[in-house]
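> Spelled out from the first residue to the last, the chains are:
Protein chains: 6
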Amino acid sequence: MPVVLDAQGRGMTHQPVSGNDLARFAGIPSFMRLPVHADAEGLDAAFVGVPMDHGTSWRPGARFGPQQIRTQSAMIRPYALQTGAAPFDGLTCADIGDVALSTFDLRAAIGAIETAYGAILSTGAVPMTMGGDHTVTLPILRATAARHGPVALVHVDAHADVNDEMFGARECHGTVFRRAYEEGLLIAPKVWQVGLRGTGYSAGDFDEPRGWGFNLVTAPELWHKSLTGLGEHIRAQIGAAKVYVSFDIDSLDPAFAPGTGTPEIGGLTVPQVLELIRALRGLQIVGCDLVEVAPPYDPSGNTALLAANLLFELLCILPGVPYR
Amino acid sequence: MPVVLDAQGRGMTHQPVSGNDLARFAGIPSFMRLPVHADAEGLDAAFVGVPMDHGTSWRPGARFGPQQIRTQSAMIRPYALQTGAAPFDGLTCADIGDVALSTFDLRAAIGAIETAYGAILSTGAVPMTMGGDHTVTLPILRATAARHGPVALVHVDAHADVNDEMFGARECHGTVFRRAYEEGLLIAPKVWQVGLRGTGYSAGDFDEPRGWGFNLVTAPELWHKSLTGLGEHIRAQIGAAKVYVSFDIDSLDPAFAPGTGTPEIGGLTVPQVLELIRALRGLQIVGCDLVEVAPPYDPSGNTALLAANLLFELLCILPGVPYR
Amino acid sequence: MPVVLDAQGRGMTHQPVSGNDLARFAGIPSFMRLPVHADAEGLDAAFVGVPMDHGTSWRPGARFGPQQIRTQSAMIRPYALQTGAAPFDGLTCADIGDVALSTFDLRAAIGAIETAYGAILSTGAVPMTMGGDHTVTLPILRATAARHGPVALVHVDAHADVNDEMFGARECHGTVFRRAYEEGLLIAPKVWQVGLRGTGYSAGDFDEPRGWGFNLVTAPELWHKSLTGLGEHIRAQIGAAKVYVSFDIDSLDPAFAPGTGTPEIGGLTVPQVLELIRALRGLQIVGCDLVEVAPPYDPSGNTALLAANLLFELLCILPGVPYR
Amino acid sequence: MPVVLDAQGRGMTHQPVSGNDLARFAGIPSFMRLPVHADAEGLDAAFVGVPMDHGTSWRPGARFGPQQIRTQSAMIRPYALQTGAAPFDGLTCADIGDVALSTFDLRAAIGAIETAYGAILSTGAVPMTMGGDHTVTLPILRATAARHGPVALVHVDAHADVNDEMFGARECHGTVFRRAYEEGLLIAPKVWQVGLRGTGYSAGDFDEPRGWGFNLVTAPELWHKSLTGLGEHIRAQIGAAKVYVSFDIDSLDPAFAPGTGTPEIGGLTVPQVLELIRALRGLQIVGCDLVEVAPPYDPSGNTALLAANLLFELLCILPGVPYR
Amino acid sequence: MPVVLDAQGRGMTHQPVSGNDLARFAGIPSFMRLPVHADAEGLDAAFVGVPMDHGTSWRPGARFGPQQIRTQSAMIRPYALQTGAAPFDGLTCADIGDVALSTFDLRAAIGAIETAYGAILSTGAVPMTMGGDHTVTLPILRATAARHGPVALVHVDAHADVNDEMFGARECHGTVFRRAYEEGLLIAPKVWQVGLRGTGYSAGDFDEPRGWGFNLVTAPELWHKSLTGLGEHIRAQIGAAKVYVSFDIDSLDPAFAPGTGTPEIGGLTVPQVLELIRALRGLQIVGCDLVEVAPPYDPSGNTALLAANLLFELLCILPGVPYR
Amino acid sequence: MPVVLDAQGRGMTHQPVSGNDLARFAGIPSFMRLPVHADAEGLDAAFVGVPMDHGTSWRPGARFGPQQIRTQSAMIRPYALQTGAAPFDGLTCADIGDVALSTFDLRAAIGAIETAYGAILSTGAVPMTMGGDHTVTLPILRATAARHGPVALVHVDAHADVNDEMFGARECHGTVFRRAYEEGLLIAPKVWQVGLRGTGYSAGDFDEPRGWGFNLVTAPELWHKSLTGLGEHIRAQIGAAKVYVSFDIDSLDPAFAPGTGTPEIGGLTVPQVLELIRALRGLQIVGCDLVEVAPPYDPSGNTALLAANLLFELLCILPGVPYR
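In order, the protein sequences belong to chains A, B, C, D, E and F.
Reading the first sequence from the start, the letters are residues 1 to 324 in the UniProt record's numbering.
Reading the second sequence from the start, the letters are residues 1 to 324 in the UniProt record's numbering.
Reading the third sequence from the start, the letters are residues 1 to 324 in the UniProt record's numbering.
Reading the fourth sequence from the start, the letters are residues 1 to 324 in the UniProt record's numbering.
Reading the fifth sequence from the start, the letters are residues 1 to 324 in the UniProt record's numbering.
Reading the sixth sequence from the start, the letters are residues 1 to 324 in the UniProt record's numbering.
Don't read these hints as lab results, they were simulated from the structure.
Be careful, since some hints might not be right.
Claimed, not checked - Between beta-carbon pairs, the in silico distance windows are: (1) F:THR228 to E:THR92: 41 to 51 Å; (2) E:LYS225 to B:ALA38: 53 to 63 Å; (3) C:GLY42 to D:GLY239: 57 to 67 Å; (4) A:GLY149 to E:LYS225: 41 to 51 Å; (5) E:SER202 to F:GLU41: 24 to 34 Å.
Every residue gets a Cβ at the ideal spot worked out from N, C-alpha and C, and that includes glycine.
With the sequences and hints as input, model every part of the structure.
Here you go:
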């Protein structure tokens with residue numbers, strides 16, 4: 001049958017469609033051209049999009065993030081040659097589409113996300129989120145804590161996102177981790193914020209989260225260095241706690257990730273973030289997100305390509321992934 | 001259930017997903033967010049992509065055409081307000097994905113397309129093709145003639161595509177309609193080529209197809225004019241014959257369709273091609289294609305938006321579409 | 001003094017800064033490089049930006065509209081050569097900056113806009129608005145009706161914007177004129193909606209506003225025609241009533257205005273909209289807006305250049321403008 | 001010999017290299033892939049670039065105009081199918097490269113251009129100029145008048161370019177035709193300026209050139225109309241006088257020609273300018289230029305493609321071109 | 001009063017407008033949304049633009065540099081979190097607009113700049129310049145030496161800019177520091193040129209400035225290294241001398257700064273230049289510039305964002321800035 | 001004679017045209033503005049383009065690679081300031097244009113390339129190839145082995161390109177080095193593949209080439225390191241054997257080389273590849289290529305600028321180049 005259907009799941013194993021069966025630019029794009037499921041039932045890991053950007057303060061566009069990440073993910077093949085990870089040999093993975101949410105009402109959207117993730121988490125699947133602006137992490141953490149209790153956090157970002165409010169809004173992309181802390185969603189001493197930099201509204205912007213017990217690592221502390229050591233340290237400190245990984249693409253320098261909403265100069269490099277992720281292998285990860293990809297500022301698609309690869313690398317360190 | 005799955009078909013009626021159920025930028029994109037089927041069985045009209053560009057002589061990129069047309073088609077709502085057409089109230093439509101074909105071997109690809117369309121046509125569905133470069137029309141016409149016998153043709157294009165060969169190739173985007181004529185796939189006096197213009201390899205480039213009986217209408221003959229009259233004339237001349245509609249996006253002026261492989265100045269306007277299509281209502285159309293959208297030259301997506309709308313307009317004139 | 005300050009107003013007449021005094025690409029850009037005022041006090045016409053896009057359903061970016069319109073407006077010189085209009089010889093004009101509003105809360109933003117326009121209108125100045133998505137027109141109409149009573153409306157747009165709600169939102173860019181009608185802000189028989197086209201959620205999308213008394217003119221009715229006649233008819237029908245002009249840049253075909261949030265094919269041409277505006281001269285215009293310019297989809301800036309010129313043309317038909 | 005050399009001339013006839021001998025994207029680009037000559041000796045028509053933009057007041061970039069026009073001209077085939085013109089069957093044409101001039105000193109550049117064109121014109125060849133900003137026309141007219149005496153002029157442009165000075169400069173892209181008039185280079189009653197529009201520094205900007213005898217035709221006078229009649233009228237009025245054709249790409253609407261330095265809305269369409277050029281056939285043309293293509297604002301290359309085609313159309317109306 | 005005016009200065013403290021008072025994309029952009037002053041009177045540091053590019057030899061566009069740097073600077077908040085610098089708590093800063101200069105006459109422009117900077121420097125303010133091509137530094141150094149006598153120089157650049165002339169021009173972007181040396185504007189042994197690389201017109205291009213006493217540090221010497229040590233060495237060597245800092249954005253690798261006129265591969269990284277700047281704290285800086293940002297080659301704006309941040313970092317090391 | 005002809009060779013020494021004789025953006029572009037020859041006769045090094053992309057599996061566009069590399073190479077001056085190399089003082093170099101090949105038939109194109117390179121190599125010139133997709137290297141290696149016998153190989157790439165077939169094709173951009181190994185074109189133990197990374201179709205993708213004796217060095221092994229040591233090691237291991245250098249631009253991280261067909265994250269940096277190339281000086285290089293530059297994904301041209309510089313650096317290490 002010469003017409004190939006790639007985003008359907010009927011009669012397919014849960015493997016990405018190969019470029020030798022259907023050209024990489026062909027087919028209806030799901031994440032890595034995995035089967036599409038109606039929900040997370042029966043899955044070990046569920047890729048899910050949260051397309052929104054009404055929580056962003058500068059450049060919009062992250063609403064198109066899931067779409068472009070899926071498109072660019074067609075380039076990724078199933079085996080990680082450098083680490084030996086073979087995620088699809090051990091985990092049942094699928095793309096479960098996007099959360100339906102209001103573009104016009106940020107609060108309603110936050111509520112819809114929490115409900116949707118409650119349903120996903122109830123199946124036991126690990127949600128692998130494609131944002132959307134960083135606001136999405138707050139309702140995800142609420143649903144996560146509701147199921148797992150407070151969690152450790154690895155938060156890779158240019159910004160600490162611990163404002164009390166922005167232009168009167170208490171729930172938007174710059175307030176996520178203060179809210180999460182206040183609501184008891186996090187194990188504060190097991191929170192790591194990596195890649196922070198830039199300018200702030202007061203000289204003491206970082207003092208308060210440090211006072212809560214958060215571990216803040218600024219980008220300048222990391223310049224010119226491998227992050228393998230830091231990653232191993234974090235892994236050791238977090239230990240057996242359940243952990244959530246929130247990855248803002250603006251943690252990377254704009255040279256690597258130009259297509260984002262609030263770029264900051266002097267960021268991490270791609271080798272650094274790959275080292276960091278790979279060193280976290282062994283943690284009890286219960287959810288991951290990759291946020292703030294803004295396609296209108298990334299016509300080549302390379303930022304989304306990077307995001308897709310980082311999601312794949314995060315998949316590779318989930319519990320249960322075999323290594324060859 | 002807040003996670004909505006838009007490209008699946010299970011439990012959905014065959015209607016486009018509404019923007020009020022799932023934001024237009026959300027979900028895994030099928031054409032107009034219609035259900036995705038594994039094949040054309042049971043369908044009245046089947047949207048199908050043929051992603052390739054190894055038949056093009058200037059700017060490549062049409063391999064990404066189906067992908068971008070699907071993405072932009074999310075903007076289209078189900079009712080044509082100006083004409084009253086309600087295609088989804090009368091026809092069962094779905095997206096059946098892309099033809100699997102070799103990127104490296106143009107001849108093999110042409111063969112694969114003919115086989116795929118044989119299967120589609122055997123179901124009785126009308127194929128609505130998203131190209132790809134114009135080469136795709138040749139194997140589609142072969143499969144069409146195999147099922148329906150020679151057909152009338154409405155061919156809207158800047159170029160007549162009647163070269164004998166290009167750089168030694170006898171089957172590529174510039175030779176399609178000479179091959180089709182030679183192979184007896186067309187009812188020559190019922191062939192209409194509309195929008196021709198530009199420069200040629202000899203002063204008599206247009207004489208030979210006219211000698212075969214083809215009706216050639218150049219763009220300068222149409223400047224400043226409504227095409228309603230021409231469309232009505234073509235409809236009358238073709239009458240009850242089965243007809244194939246092949247639409248090259250470069251028939252339009254590059255101002256309207258910048259993202260294409262071989263743009264020519266002085267082309268048709270969007271009102272003109274809409275008038276032409278709408279005037280063809282009533283013909284026994286057995287297949288349509290929209291080709292040569294090259295996304296790398298169309299970062300805004302507006303060329304693909306136009307292409308998606310033209311495919312929708314073509315759908316609206318298929319036999320059996322109710323008008324309100 | 002060689003350092004020139006162009007956006008300040010102290011010691012300057014209220015004329016645009018000339019390109020012979022300061023290069024057009026120099027200086028801090030206000031609209032047409034007019035003086036910047038803190039409020040509308042003492043002005044005949046006040047240019048004001050409303051930078052937001054959380055009311056848009058497809059491509060965001062209109063939040064950067066006022067910024068890019070101001071930048072491109074530096075190309076416009078003070079005299080309209082084709083009509084003889086000399087607006088700055090008769091009216092005192094200035095740029096009063098942007099409305100401060102929340103990016104995160106659409107309802108709060110709508111409230112802030114209404115308050116801001118109440119203040120502007122209380123000075124007697126005519127507000128000339130740079131959007132922003134089309135949502136901005138609703139609070140402006142509320143403030144306008146509060147001051148002037150119900151007004152006639154010339155609404156140039158691809159979309160009628162008369163939905164009852166979009167994804168649960170009753171106040172967003174697609175519901176403006178239904179809300180305005182329901183709230184009694186408009187003189188319904190003196191409402192003209194020009195340029196409508198595209199697809200809809202039901203075959204009867206246009207029937208209901210026609211039932212209210214609105215006059216709807218679709219784009220296909222206007223293809224290939226001068227709009228001078230239509231403009232003169234509208235002017236005659238509206239007569240002495242106070243009138244608001246709301247201009248959505250997507251009324252124009254995407255060939256002319258690619259940088260917008262919800263482009264629709266088959267739109268008006270620039271000559272047509274210029275004819276329409278010029279024919280409206282003589283009406284008692286109490287406010288104008290130009291909305292939906294989305295700079296991320298307009299890297300050349302030409303959409304904003306068009307928008308700036310249309311605002312200038314609207315300025316030229318305000319009461320009190322001398323003609324030479 | 002499989003390595004083909006396309007820009008050399010040794011052993012080649014003076015025909016464009018065919019796309020069937022060398023792919024259109026291959027080879028070292030001369031205009032239409034004509035032979036490259038060291039000077040104009042022996043040529044009937046000489047294509048020559050004048051790459052500069054220090055005479056422009058808004059967006060620079062025209063310095064890259066000749067390069068991009070040459071690249072895009074590879075798409076043009078040797079016969080004009082609509083008119084039957086076969087220029088290379090009657091005229092010996094070549095590309096003679098670019099004028100060497102200072103990027104840093106506008107006056108020196110103007111002098112260098114005049115000298116260069118003196119040499120070209122001394123051979124009897126008709127110079128076909130690729131600009132560069134419009135300043136280049138002034139020294140070309142000086143050299144032209146030195147050889148031929150005052151000439152008639154067909155000037156197609158958005159702007160009359162008759163300022164007395166711009167920011168103190170008396171020789172730049174906005175003063176060309178005042179200087180040419182003052183210096184007696186033109187036969188004033190046989191000067192036609194077509195496509196004028198936009199805004200001006202005084203209400204009477206157009207009165208003065210009309211006083212000199214110039215014939216000014218604004219774009220609004222031409223909207224919705226064929227220009228064949230205007231072209232025939234100009235041809236009749238100019239009669240047997242020697243004539244220079246200066247074509248500013250900004251005469252066209254920005255929808256057709258976005259990549260230019262000072263775009264103005266409401267311009268001519270491509271059909272209109274093609275009609276105008278074709279109607280001028282029969283005039284004693286002694287030189288042509290196509291100026292103000294600014295590639296940085298035209299990433300698709302479509303503006304340069306249009307410019308290349310217009311130069312070809314101008315070539316087709318030179319004296320001595322056979323028609324088939 | 002809901003309409004906020006951000007670029008005016010009346011009644012505002014000299015602090016950047018906060019994103020919590022006016023959205024970052026709103027308002028009329030001055031540098032970091034500081035107050036706009038008519039001149040430098042009373043200021044400690046004056047941000048000033050010099051928009052020109054007629055001194056550039058390859059890609060133009062730097063004339064739009066000040067405009068885009070201002071726009072992107074809206075992202076910067078007032079406190080430098082990594083260093084503790086709080087410049088606005090210690091210095092009175094404002095944006096004083098752009099120098100008015102001729103686009104058509106490079107020599108006249110150079111004269112105008114010198115005059116303008118004489119006026120600025122006479123107030124005692126430190127000028128913080130936004131270029132413009134690198135030519136601007138020559139007249140600024142002339143005005144600086146006229147006030148302060150010969151100065152030390154930290155010049156960060158891909159190119160030494162010590163040509164004797166370029167295409168006959170003795171004053172353009174490639175000759176600045178030879179002219180400055182010849183005119184005695186610099187303390188030669190206290191001149192540091194950092195980041196040099198690329199190709200040259202002779203093998204000994206760097207020998208001559210070394211002979212004058214200049215200290216040249218090529219980029220390859222710095223690859224893979226922190227620049228903190230180099231910065232401290234330069235600070236020690238310059239000691240108490242007055243120093244000017246000239247920063248060409250092309251010192252950075254094109255990966256970080258694609259939008260520039262003469263990019264060179266193999267450049268510095270952002271961490272390196274931040275280390276260098278921060279290590280210079282304590283020097284007696286009397287002026288700074290940031291030049292060669294070419295927006296047409298930087299559609300994302302990220303090059304200008306980098307430039308704005310570097311200017312902010314330079315502000316942070318001016319004498320008198322408090323650290324928290 | 002003010003009209004300068006830069007791409008001709010008659011009467012010119014074989015030096016690049018200087019920017020002081022003809023502006024860098026002027027003239028008909030050959031590589032580094034060297035003379036254009038009809039063939040390689042008499043040359044030491046011949047720059048030649050192979051414009052094609054029908055061997056690529058993801059983004060097309062490399063067919064425009066030679067054109068854009070030539071254009072950007074105009075920035076390079078003749079002396080390498082950091083190494084002292086003076087290639088044009090020792091070698092006779094020219095640009096011999098592009099190979100004529102079919103765009104429609106990959107196999108025929110591969111044959112045409114082999115024939116063309118047989119002719120080039122028969123002259124004794126070292127071919128310096130501008131791709132085109134990586135498929136071009138296979139026929140070049142065939143012609144090279146035919147003349148020189150099996151060669152050592154330095155292959156810098158993100159991908160090993162050792163697939164057995166791709167979608168049925170045994171000769172395309174992903175199978176080159178398996179075919180070359182099977183055909184005995186290479187000295188397997190002297191093959192070095194540097195920069196490998198990304199994902200694969202099986203966990204053992206790299207095992208098989210290692211079994212053949214190839215030396216594979218992955219990118220992660222090289223992160224944060226100078227490549228000088230690796231380069232010296234390769235030089236020592238290859239010793240006196242004849243060697244071919246094949247450089248895929250995607251070996252570099254997409255931050256440095258966004259414009260390529262199959263980008264992979266985590267790649268080499270520009271300093272690293274410059275160190276690698278410079279350390280190879282002294283090898284008996286018999287051919288070099290630089291492939292996979294895809295201009296449609298590189299609107300700034302910076303990827304091609306990098307490619308042109310890498311070709312120049314490769315030229316600098318050819319046998320016979322003097323150093324100053």
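> Taking the CB of A:GLY149 and the CB of E:LYS225, does the distance hold inside 41 to 51 Å?
holds (46 Å)
> Is it true that the C-beta distance of E:LYS225 to B:ALA38 lies inside 53 to 63 Å, as the hint says?
Holds, at about 58 Å.
> Does the beta carbon distance between C:GLY42 and D:GLY239 stay inside 57 to 67 Å, or does it fall outside?
holds (59 Å)
> Does the Cβ distance between E:SER202 and F:GLU41 fall inside 24 to 34 Å?
holds (30 Å)
> Confirm or reject the claim that F:THR228 and E:THR92 have a C-beta distance inside 41 to 51 Å.
holds (50 Å)
Checked against the numbered hints given earlier, this structure breaks none of them.
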